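Chemist: All residue numbers in the sequence shown are consecutive under my numbering, ending with 1442.
Source of the hints: derived by calculation from the structure; they are not laboratory data. What you are looking at is a predicted structure, and each value in this text was computed from that prediction instead of being measured. Quick reminder that beta carbons are idealized off the backbone N, C-alpha and C, glycines included. There could be a bad hint or two in this list.
[To be verified] Straight-line distance between alpha carbons at most 20 Å, and here's what the computed EDC-like set of lysine to aspartate or glutamate pairs gives:
(1) 1254 x 1295
(2) 1212 x 1258
(3) 1180 x 1197
(4) 1286 x 1126
[What the hints assert, rightly or not] Pair by pair, the computed Cβ-Cβ distance ranges are:
(5) 1067 x 1207: 54 to 62 Å
(6) 1074 x 1052: 33 to 41 Å
(7) 1205 x 1301: 16 to 24 Å
(8) 1134 x 1065: 17 to 25 Å
(9) 1060 x 1301: 53 to 61 Å
(10) 1362 x 1018: 27 to 35 Å
(11) 1212 x 1289: 49 to 57 Å
(12) 1284 x 1320: 56 to 64 Å
(13) 1207 x 1047: 25 to 33 Å
(14) 1033 x 1350: 31 to 39 Å
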Amino acid sequence: PGRPPRRPTRVGAERRRGPQRRGPSRNRHPGAGAGERAAPWAAPHAAHVWPPGPHAQAGCKGLSQSIFDYKTEKYVIAKNKKVGLLYRLVQLSILAYLVIWVFLVKKGYQDTDTSLQSSVITKVKGVTFTNTSELGERLWDVVDYVIPPQGENVFFVVTNLIVTPNQRQEVCAESESIPGAACHMDEDCPQGEPVLTGNGVRTGRCLRAQSMPNGTCEIFAWCPVETKSRPTKPLLSKAEDFTVYIKNFIRFPKFNFSKTNVPDTKDRAFLKFCQFDLKNPYCPIFRLGSMVSWAGSNFQELALQGGVIGIQIEWDCDLDKEPSECNPRYSFNRLDTFSQSSISSGYNFRFAKYYQDAAGVEFRTLIKAYGIRFDVMVVGKAGKFSIIPTVINVGSGVALMGIGSFICDLVLIYFIKKSHFYRDKKYEKVRDLGVLDGLAESSKQAETPEAEFEEEGSGLPEQPEAQDGGGGQKGSGCECPQLPKSRFDHLGNGKVNLKQLENLQTVEA
């Protein structure tokens, strides 16, 4: 009975706010007591630097620890047989493409060299005999019908020709087939001007017969001019049996690998008796008629007006095997336009052979040659195992496996009947953190009124000593204060914060 009544206080609210800072407050005067506030005009005692808050320290600590974190994906396993079968089929297709096409066909495990270095030497052999009114009896050998004679990768074989013998530099009438050579009078032939697409220079005279209204201009040229037409049959029809020896040297600089299409043998008679065959690629002696036939043309028709035949030598070498496995492959194609109605079909050019007579006057024989031009083209590549392209192609194949997942995801969440179910399982919706914090704060305010937790200046009012029939309760030496009206409102709504009730304790004043 002599003790003053004990006042209950709430410790739970103080725990949530954290411990109170001790020491002089910034709004108190140094001379003020512990329960007195300093005047607003009083100057602070000293500037205080606050240490970093607990949230800043936790953020720095979390950042330093997250460097060593490992993140992995979360997978959703869909028990759907149709989609699973589709996924395996796509994977098997990609795997078959990688193994069969990339590695077996294209040899994606090899490093390749396409910078082929090549040299070609050609040599034609064969003779024939002709007897014509223009040339008489004549024997033709290699020097006569092969141009150029050096034996390069391009050579020309004469098969037909127009010969204009004994041309001398003098005046004569221009050919009537030249469009710019026609005239009516001398004024139509200005002196000193050349005839376009003609054979010489105008002299200023118009040559015409008395009975003809039109004539041709007189020119200074190699006379007589060429007037004959092409023969109906090739002059050198026997050139079909001529042979050509094609020697080819190749080198792949990246792998320092060299080879030739001639066998390494000491038998000098080998090249004299052998002839190229598809089963014998190391005898590079070809018959001209056979090459034209392999190109899909007839030699006699081609020899009449000329043409171009392409000879391609291809070297495809797998250097992971023996060097003897690196063999040349030959192919033949006709390269010019061979339509009968085309104005550009055929191949021909002119050249002359010059002479001097007893008086020292120069004259020549003009030859318009028709023939077959052969172009030798060498292509090739070499491959050898390298770890770099192997890793790149394997990585590309593994990356292609992701196509299966992409296709099956589309089917699973868009094209099947239960797509909405799988879509909800695959994608998880998460609210913004700011929204969640706002909802949590409003929930706390609804459960615990602010007036119950404020202590400075507006703490819980002291309750009078309990009387009989009063609102207080006695029991076991404890006195419970009367709950404010806001608490009754929440209790009426059925909302009770059990954790707060557990924190209610009584302490001595």
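Chemist: If you test the structure against every hint from before, which numbers come out violated?
Modeler: 1, 4, 5, 6, 7, 8 and 9
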